[in-house]
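Each chain is listed here by its residues.
Protein chains: 2
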Amino acid sequence: MSARFDHVLAAVVAVGDELVLGQKLDTNSRWIADRLVLRGLDVAAHLTVPDDVDAISSAIRRFAERVELLILTGGLGPTADDLTRAALAAALDEQLVLDERALEQVRLWFTSRGREMPEQNRAQALRPQTARMLRNDHGTAPALHAILDNRCDIFCLPGPPHEMQPIFERDIEPTLRLPPERAVHTTVIHTFGRGESDVAAQLADLMDRSRNPLVGTTASLGVVSVRIRARGPDGPQRLRETESLVRTRLSEILLDDESLAVDVLNRLKARQQTVATVESCTGGLVGEMLTSIPGSSQAFVGGLITYTNELKHRLADVPHQVFETEGAVSKPCAIAMAEGGRAHCHADHAIAITGIAGPDGGTDAKPVGTVWIAVASENAPTDARRFLFKGSRQAIRTWSAATALGMLRLRLAGHNMRLLNQQEP
Amino acid sequence: MSARFDHVLAAVVAVGDELVLGQKLDTNSRWIADRLVLRGLDVAAHLTVPDDVDAISSAIRRFAERVELLILTGGLGPTADDLTRAALAAALDEQLVLDERALEQVRLWFTSRGREMPEQNRAQALRPQTARMLRNDHGTAPALHAILDNRCDIFCLPGPPHEMQPIFERDIEPTLRLPPERAVHTTVIHTFGRGESDVAAQLADLMDRSRNPLVGTTASLGVVSVRIRARGPDGPQRLRETESLVRTRLSEILLDDESLAVDVLNRLKARQQTVATVESCTGGLVGEMLTSIPGSSQAFVGGLITYTNELKHRLADVPHQVFETEGAVSKPCAIAMAEGGRAHCHADHAIAITGIAGPDGGTDAKPVGTVWIAVASENAPTDARRFLFKGSRQAIRTWSAATALGMLRLRLAGHNMRLLNQQEP
Chain A
273 MSARFDHVLA AVVAVGDELV LGQKLDTNSR WIADRLVLRG LDVAAHLTVP DDVDAISSAI
333 RRFAERVELL ILTGGLGPTA DDLTRAALAA ALDEQLVLDE RALEQVRLWF TSRGREMPEQ
393 NRAQALRPQT ARMLRNDHGT APALHAILDN RCDIFCLPGP PHEMQPIFER DIEPTLRLPP
453 ERAVHTTVIH TFGRGESDVA AQLADLMDRS RNPLVGTTAS LGVVSVRIRA RGPDGPQRLR
513 ETESLVRTRL SEILLDDESL AVDVLNRLKA RQQTVATVES CTGGLVGEML TSIPGSSQAF
573 VGGLITYTNE LKHRLADVPH QVFETEGAVS KPCAIAMAEG GRAHCHADHA IAITGIAGPD
633 GGTDAKPVGT VWIAVASENA PTDARRFLFK GSRQAIRTWS AATALGMLRL RLAGHNMRLL
693 NQQEP
Chain B
273 MSARFDHVLA AVVAVGDELV LGQKLDTNSR WIADRLVLRG LDVAAHLTVP DDVDAISSAI
333 RRFAERVELL ILTGGLGPTA DDLTRAALAA ALDEQLVLDE RALEQVRLWF TSRGREMPEQ
393 NRAQALRPQT ARMLRNDHGT APALHAILDN RCDIFCLPGP PHEMQPIFER DIEPTLRLPP
453 ERAVHTTVIH TFGRGESDVA AQLADLMDRS RNPLVGTTAS LGVVSVRIRA RGPDGPQRLR
513 ETESLVRTRL SEILLDDESL AVDVLNRLKA RQQTVATVES CTGGLVGEML TSIPGSSQAF
573 VGGLITYTNE LKHRLADVPH QVFETEGAVS KPCAIAMAEG GRAHCHADHA IAITGIAGPD
633 GGTDAKPVGT VWIAVASENA PTDARRFLFK GSRQAIRTWS AATALGMLRL RLAGHNMRLL
693 NQQEP
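Here the protein sequences line up with chains A and B, keeping their order. Each residue of the first sequence is one higher than the one before, starting from 273 at the first, in this note's numbering. Each residue of the second sequence is one higher than the one before, starting from 273 at the first, in this note's numbering.
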């Protein structure tokens, strides 16, 4: 790598028909961009192009006019539709030459596995004349590095993430050192309980686009995240000041973590308490969210999936009479599920969810999206609330699960605010 | 939408700082591209750009010179960093005007939820003069449709997938009709039980890149999908012939549906049988997968999440002695969980999963990724198998859940083949 440490603007290009045609999801570009931004670089764009020499080489040339670091992934395989090498040569206006050392490494990759190198893998040892090869320890395709017009560093990395990432970490990341006056400093603060526009309204003055730091919001399933990004030599100081303003204004709804599950598990562990789940329309989703976190067994004991009324009765002791008088989507049913589940699972808290996820099963009085959520705890009255979630079956289920964790969080944090989508009973 | 049915080339643009900076993975572009290709269109590129009017509008203008359909997602929120509306207006060289009907819909979205519309959400009812608004039933941001230079249809859709997808399906997909000589005919056949390279080897002659139809494979969590794509006036006939060849060669592993859960539920309903789940390391994921399918309550009764040993004993009657002699990740534990769960839930079948999802907890004898899965049924010996899954905690959990459904499928289909990742006991 050249000894220039003044990269500021970067771009990422993913190469592959299977990506452009939507048969496969590209995760490399996000991973690379995240790493570049953490190192203080700015990313101008991600582009995904097909296995086509013209498309790849014109992307290289166009980006090289604007950015100082260009990273491509994919198209380095041995087959006829792997064209990134040829496209890089075309962009550099150079011939492809055989790199003997690279050929030796490709051959070694096969022989060390007791196989002979297929003839077509010779292509992987080709490089444009002025490019250099970067060793690939996890696959046959060496990576490439070239400099275009003496101003843009271009890296071509293999597509499989387990091959790409080690090369990035070994040969690119260590060279990304910005001088302090050009560094970028970022942080993210997560909240739960208010809508994105409410949060943005509270931060309106900080979100002015001409301000440094820049402040922006994003929302995902009720978690509203505030992103702060400061530039310049006094960036760390500016970042701290704005972060402190944001935290003060949003103190009631701050999360420990982007994940509500992590927030809730941390609060439970701090109190040495446990929770169980009793799920009907979510069918196990809350349990899944909690157990996706390593170490969750310290606070999550397990739970019941009571999808039918028979199992609500058999496993959680909901009286048959509740189904007859109030129905399974009702306050008494949610309360009985939470209290019965807590008793059966011997937990300090239990969350119960019963609702109509649709698309069928709604009525005028209980339309699709009607969900009752209850939180039962030792020595506290059971908190039961009615919600109306809109959207698809999947949307209603994921909102239900997130909101159930949000209700437990309110209890653990000692708050009692009304939540998004909550209805009068 | 204009009545022109000659769209052929399309491009997809994702808008958002959080995407360009790698803080969030864009899944919309892949989803849209996949749908477009299934309808016979070609996709030129995907581009991801920041929340910046110039970046978005110049992307619109540049693509509009090359493609006939351009779909943008994101940047339609109510805040100052939601700039897609302004960028579309700039690209069209038009002013933004307030759309009274859209404003009414945005307002209604809030009032139907018992809230007042925040003033800043007025911005979501703005549109370029010649654009029209497309109703959003699942969020506040209406989508936009405009035509640039009388040749490129431009759609701006909201970023959240559960808002974007229904608008795409309602307002874009039905209009994508190509004339017969340009039409592309596609189908997808799903399989479960063998690896992608095995499936590809069985179809090698059909997968030649110069053949019409084109045949390709993709794999996701053990489901290997075979995509067939025929062009030309005799496309339907060619498609049928190749599909029939593929189905014959893969008959043992064909799925009813892309979803293993749908396949399993259909088989259970046909027999009027039920299933229950008993989950440890997957924490509710199998229940979640089954209940994500509408109508699943006809065959899925519910289940137990037995995350701790205490709950494995208390809820599923696993004898304490099993934990002491064999441990919780063992054949006898999986069998006891399945049989105990089946009895408690009164189901015809029960699936049990117990394993080490990591990142901690592995040993030499039982490394991270070791998972026992058992299927208990009335009048049949319980089938218990040991698997070793590689990858992250999430990968191990999702593979475990998919494989558990695959094991139940084997029982219901009367097959007894060895599955991917299965180990000697």
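One should not assume that every hint holds.
Remember, identical chains collapse to one label, so a pair may be satisfied in a single copy or spanning two.
Said to hold, decoys possible - Computed cross-link-like contacts, DMTMM-like style, restricted to lysine to aspartate or glutamate with a CA-CA straight-line distance of at most 25 Å: (1) 541 x 650; (2) 638 x 696; (3) 638 x 598; (4) 296 x 306; (5) 296 x 470; (6) 296 x 468; (7) 296 x 435; (8) 662 x 372; (9) 638 x 611; (10) 662 x 376; (11) 638 x 480; (12) 662 x 453; (13) 541 x 655; (14) 603 x 513; (15) 541 x 337; (16) 638 x 582; (17) 296 x 376; (18) 296 x 340; (19) 603 x 340; (20) 638 x 435; (21) 662 x 443; (22) 662 x 445; (23) 541 x 524.
No wet-lab data here; the hints were simulated from the structure. Here the structure is a predicted model, which means the values were calculated and not measured.
Hint check results:
With identical chains, the CA atoms of residue 541 and residue 650 are at most 25 Å apart within one copy only, with a shortest distance of 16 Å there and 41 Å across copies. In this assembly of identical chains, residue 638 and residue 696 lie within 25 Å of each other by CA distance solely inside one copy; the values are 13 Å within and 51 Å between copies. In this homomeric assembly, residue 638 and residue 598 come within 25 Å of each other (Cα to Cα) only inside a single copy, at 11 Å, whereas the closest approach across copies is 49 Å. Taking CA atoms no more than 25 Å apart as the test, residue 296 paired with residue 306 passes in both settings, with 20 Å inside one copy and 9 Å between copies.
When the C-alpha separation of residue 296 and residue 470 is checked against a cutoff of 25 Å, the pair qualifies only between copies, where the shortest distance is 19 Å, while the shortest distance within a copy is 34 Å. For a Cα distance limit of 25 Å, the shortest separation of residue 296 from residue 468 across copies, 14 Å, qualifies, whereas the shortest one inside one copy, 29 Å, does not. Taking identical chains as interchangeable, the C-alpha atoms of residue 296 and residue 435 lie at most 25 Å apart whether they share a chain (17 Å) or sit on different chains (22 Å). For a Cα distance limit of 25 Å, the shortest separation of residue 662 from residue 372 across copies, 23 Å, qualifies, whereas the shortest one inside one copy, 55 Å, does not.
For the identical chains of this complex, residue 638 and residue 611 are intra-copy neighbours only, at 23 Å inside a copy versus 37 Å across copies, given an alpha-carbon limit of 25 Å. In the homo-oligomer, the alpha carbons of residue 662 and residue 376 lie at most 25 Å apart only across protomers (18 Å), although the nearest pairing inside one protomer, at 52 Å, exceeds that limit. Taking CA atoms no more than 25 Å apart as the test, residue 638 paired with residue 480 passes in neither setting, with 42 Å inside one copy and 55 Å between copies. In this assembly of identical chains, the alpha carbons of residue 662 and residue 453 never lie at most 25 Å apart, being 46 Å within a copy and 42 Å across copies at closest.
When the C-alpha separation of residue 541 and residue 655 is checked against a cutoff of 25 Å, the pair qualifies only within one copy, where the shortest distance is 21 Å, while the shortest distance between copies is 37 Å. Taking the closest pair of Cα atoms, residue 603 and residue 513 never come within 25 Å of each other, the shortest separation being 45 Å inside a single copy and 57 Å across copies. For the identical chains of this complex, residue 541 and residue 337 are neighbours neither inside a copy (52 Å) nor across copies (58 Å), given an alpha-carbon limit of 25 Å. Taking the closest pair of Cα atoms, residue 638 and residue 582 come within 25 Å of each other only inside a single copy of the chain (21 Å); across copies the shortest separation is 38 Å, beyond that limit.
Neither within a single protomer nor between protomers do residue 296 and residue 376 lie at most 25 Å apart by alpha-carbon distance, with minima of 32 Å and 39 Å respectively. Taking the closest pair of Cα atoms, residue 296 and residue 340 come within 25 Å of each other only across two copies (23 Å); inside a single copy the shortest separation is 28 Å, beyond that limit. Taking the shortest Cα distances, residue 603 and residue 340 never come within 25 Å of each other, neither inside one copy (58 Å) nor across copies (53 Å). For the homomeric pair residue 638 and residue 435, the shortest alpha-carbon distance between copies (23 Å) is at most 25 Å, but the shortest distance inside one copy (44 Å) is not.
Proximity of residue 662 to residue 443 under the C-alpha cut-off of 25 Å is restricted to the inter-copy arrangement: shortest distance 20 Å between copies versus 41 Å within a copy. In this homomeric assembly, residue 662 and residue 445 come within 25 Å of each other (Cα to Cα) only across copies, at 23 Å, whereas the closest approach inside a single copy is 38 Å. Taking the shortest Cα distances, residue 541 and residue 524 sit within 25 Å of each other inside one copy (21 Å), while across copies they are farther apart (48 Å).
In this structure, the hints that do not hold are numbers 11, 12, 14, 15, 17 and 19, in rising order.
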